[in-house]
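A.B. asks: The residues making up each chain are set out below.
Protein chains: 2
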Amino acid sequence: MTVMETQGLAAKHAARRLAAASMEEKNRALAAVADALLRRQDEWLAANAADLEAARAAGMRPALLDRLALDEGRVAGIAEGVRQVAALPDPIGQVVKTIRRPNGLKIEQRRVPLGVAGIIYEARPNVTVDAAVLCLKAGNAVLLRGGKEAFRSNKAVVAILRDALEASGLPRDCVALVEDTSRQSAQEMMDLTGYLDVLIPRGGPGLIRSVAANAHVPVIRTGEGVCHVYVHQDADLDMAARILYNAKCSRPSVCNAAECVLIDRAVAEDFLPMAWEYLKNKNVVLHGGPEARDILGDFVVPATEEDWDTEYGDYQLAVKVVSGFDEAVDFIAAHSTGHSEAIVTKNYTVAQRFLDAVDAAAVYVNASTRFTDGFEFGLGAEIGISTQKMHARGPMGLEELTSTKYVIYGSGQVRE
Amino acid sequence: MTVMETQGLAAKHAARRLAAASMEEKNRALAAVADALLRRQDEWLAANAADLEAARAAGMRPALLDRLALDEGRVAGIAEGVRQVAALPDPIGQVVKTIRRPNGLKIEQRRVPLGVAGIIYEARPNVTVDAAVLCLKAGNAVLLRGGKEAFRSNKAVVAILRDALEASGLPRDCVALVEDTSRQSAQEMMDLTGYLDVLIPRGGPGLIRSVAANAHVPVIRTGEGVCHVYVHQDADLDMAARILYNAKCSRPSVCNAAECVLIDRAVAEDFLPMAWEYLKNKNVVLHGGPEARDILGDFVVPATEEDWDTEYGDYQLAVKVVSGFDEAVDFIAAHSTGHSEAIVTKNYTVAQRFLDAVDAAAVYVNASTRFTDGFEFGLGAEIGISTQKMHARGPMGLEELTSTKYVIYGSGQVRE
Chain A
1 MTVMETQGLA AKHAARRLAA ASMEEKNRAL AAVADALLRR QDEWLAANAA DLEAARAAGM
61 RPALLDRLAL DEGRVAGIAE GVRQVAALPD PIGQVVKTIR RPNGLKIEQR RVPLGVAGII
121 YEARPNVTVD AAVLCLKAGN AVLLRGGKEA FRSNKAVVAI LRDALEASGL PRDCVALVED
181 TSRQSAQEMM DLTGYLDVLI PRGGPGLIRS VAANAHVPVI RTGEGVCHVY VHQDADLDMA
241 ARILYNAKCS RPSVCNAAEC VLIDRAVAED FLPMAWEYLK NKNVVLHGGP EARDILGDFV
301 VPATEEDWDT EYGDYQLAVK VVSGFDEAVD FIAAHSTGHS EAIVTKNYTV AQRFLDAVDA
361 AAVYVNASTR FTDGFEFGLG AEIGISTQKM HARGPMGLEE LTSTKYVIYG SGQVRE
Chain B
1001 MTVMETQGLA AKHAARRLAA ASMEEKNRAL AAVADALLRR QDEWLAANAA DLEAARAAGM
1061 RPALLDRLAL DEGRVAGIAE GVRQVAALPD PIGQVVKTIR RPNGLKIEQR RVPLGVAGII
1121 YEARPNVTVD AAVLCLKAGN AVLLRGGKEA FRSNKAVVAI LRDALEASGL PRDCVALVED
1181 TSRQSAQEMM DLTGYLDVLI PRGGPGLIRS VAANAHVPVI RTGEGVCHVY VHQDADLDMA
1241 ARILYNAKCS RPSVCNAAEC VLIDRAVAED FLPMAWEYLK NKNVVLHGGP EARDILGDFV
1301 VPATEEDWDT EYGDYQLAVK VVSGFDEAVD FIAAHSTGHS EAIVTKNYTV AQRFLDAVDA
1361 AAVYVNASTR FTDGFEFGLG AEIGISTQKM HARGPMGLEE LTSTKYVIYG SGQVRE
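If you read the protein sequences in the order shown, they are chains A and B. Residue numbering for the first sequence follows the working numbering, starting at 1 and increasing by one per position. Residue numbering for the second sequence follows the working numbering, starting at 1001 and increasing by one per position.
Please note that a few of the clues may not be correct.
[Said to hold, decoys possible] Short, incomplete list of chain A residues facing chain B, as computed with Cβ under 10 Å: (1) R100; (2) N103; (3) P218; (4) P273; (5) W276; (6) L355; (7) D359; (8) Y364; (9) R370; (10) G378; (11) Q413.
It should be emphasised that the hints constitute simulated quantities derived from the structure, not laboratory data. Heads up, the beta-carbon is just placed ideally off N, CA and C, and yes, glycines get one too.
Please build the complete structure, drawing on both the sequences and the hints.
C.D. replies: Now the structure itself:
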């Protein structure tokens, strides 16, 4: 048995115990986790300082260093997040459906944990706690494999989590860290059939595509966001410019940010200068074809075919002038990652057709794509935004981290 | 582009059209399919006769020949099944959840089709129609790869289906048959990422395990059934014997049939002879350990470790004497495929503990495992019994062949 199989088996055993834990037991454990994160933050911060020093020495970019860095304020925020998850309703045991059959069988469809979740992610130590805590609340054991740049931080915090679980009466092995951060260990995790019930990659598009392409355990793809804002010819153009600016610039690094604007030819000449009035505040680099360049001149660099499929993740935007609704919808079907898509229009019929025709986790009329988020939808904390159609689509909260089972109460029934 | 990629792309296009089809359009198409199956049954039966002749010449076993064979009565039953699916409520467009946000956003979670489903199955021509029709009703295009022994039958009936779809105004490519029945074509289908939204293997455990182990597209595992009946020491022993007999013998070839009985040591000596009074009617071969052999003598052949994980699919049954509840539940956790598990007991607390502790798609108290079935649960036609935890668990009907999307009605909202 490999080290990871041994961890997987331990997680399976822990998951059986956790599946039987009461809501009170789980909430007590989460409160203990939040307390321990604060009480033992010096351990976590010291480990994080060592990670940061090594990362700086290795020349890590400032934006990535910032994601890696912890301080007292961030730890307090993470601990507060744990308490918020503890306060969420427990999905486990909820009765989804009840059926009574003519032969007297009483059938109940109940919500149960998935079992053991695997998370593969990059160098963000907050993900370690956020992901573990959501999995625990939904009754799942979790096997975590974070990026090697955050290894010391993750090792420190997972020890704190495991101690807190044990002290509150749940198995330590409800949470485990994969200590080998090589590429091989990622592949080993993707092949951990029989131990992992689900594998969720969290990180950049490269990581997610690679896991989806190579995994043999069930995967949930999250957070791939080539999102479009389509400015229809009947749009309120000022509203469209404000929505586009928000969708692109309010936080360009996240998956629900827009990467491409589609504009009906009939309004392109009016709209593009209006949009630029907003976008120029962030020096957004526009990638467009000849039509966009005719209108905005040198503010637009020539787009290549690649631009239409690129998740820039920063202040860059692809610009495409289209002949109308059908071309826009076909373009979205060809280039969207199925995350969030928006139309701006005053036309009722066109709005309804867009909602029907566009195949994505979230489809908007007259609002920014940036709202695709568990909290913004009123659903609470999430482990990611699923862009696939199986199991869960859109913000993946506690309920999406569960399965169901049928329980059947009989009195001797046999089938004819 | 390979032949299969070309089919996949055509199916994707057809799926977009089908997703926009109204309930009336889909039902009209299904009615046309049912009519065409009857009107053109001679074509189907002639192709089936050729398949049967070739299979007989190749020495196919009688049980398999029977599964392959069609006649007028079977065709009439299949056509009637199509009409029943047409009569089911349309899941597409159902609103699963509605949320109103303080900022005025109105969010709706709607049921939508999965897209393109792939089905890999063996030489049962009725599956071709049953699977296609369920997929169509749920708005999905379908790519079918049946066993080579049924190829002529499948080719004939898929032509009938495609003609009927086209005549009723839907794209022919909503249904397509993979004409290459080699092993490579199965692997090609498992790798058809970007075209297939889900792949469902239907057939024996070997086929299902192979698809689950080798596929890179999302898979739903169905129909693997190593199911147990656990006779607790507080059972009504006559009820237990009748339930066991029904679970094993009413149709041993299906996935919800029992393969193993667990018996508390305290009642083994009383129970086994009572059970044998029933089981001997079908000459059931018992595979058991020394304790079972001490009680029933030569009716029990020595069990090997393999027996505990075998889906016999016929009149054979593994027999295991256990020390009590904990051993029974641990044994089930170790050997069950997570399909259907039953306890027979008069003890209220033990019954509840079993329902909580056993992790399977269906968990029974005092009833036969044979009820795990869409119709028996009152849920209608199904494409299989899912034994996995992701996406769907238990009978997979129309609803389980769908996904959801969020649609958001705004009036200019941007995120702060």
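A.B. asks: For the restraint on A:D359, tell me whether the closest CB of chain B is nearer than 10 Å.
C.D. replies: Since the shortest Cβ distance to chain B is 7 Å, the answer is holds.
A.B. asks: Against chain B, is A:Q413 within 10 Å by beta-carbon distance?
C.D. replies: holds (4 Å)
A.B. asks: Any CB of chain B closer than 10 Å to the CB of A:Y364?
C.D. replies: Holds, about 5 Å.
A.B. asks: Classify the hint on A:W276 as holds or violated, based on whether any CB of chain B lies nearer than 10 Å to its CB.
C.D. replies: With a minimum Cβ separation of about 17 Å from chain B (threshold 10 Å), the hint on A:W276 is violated.
A.B. asks: Checking hints one by one. Is A:R100 an interface residue toward chain B, by the C-beta closer than 10 Å rule?
C.D. replies: holds (8 Å)
A.B. asks: Mind checking the CB of A:P218 against every CB in chain B and telling me if the closest is under 10 Å?
C.D. replies: holds (5 Å)
A.B. asks: Are A:P273 and chain B close enough, Cβ to Cβ, to be under 10 Å, as the hint says?
C.D. replies: violated (20 Å)
A.B. asks: So, A:N103 near chain B? Judge it on the closest CB pair being under 10 Å.
C.D. replies: holds (9 Å)
A.B. asks: Taking 10 Å as the limit, does the beta-carbon of A:R370 come near enough to a beta-carbon in chain B?
C.D. replies: Holds: closest Cβ of chain B sits about 4 Å from A:R370, inside 10 Å.
A.B. asks: Quick one, is the A:G378 hint okay against chain B at 10 Å, beta carbons?
C.D. replies: A:G378 check passes; min Cβ-Cβ to chain B is 5 Å, inside 10 Å.
A.B. asks: Can the hint on A:L355 be confirmed by a CB-to-CB distance to chain B that is less than 10 Å?
C.D. replies: It holds, given that the least Cβ distance between A:L355 and chain B is near 5 Å, below 10 Å.
Checked against the numbered hints listed earlier, the structure breaks hints 4, 5; every other hint is satisfied.
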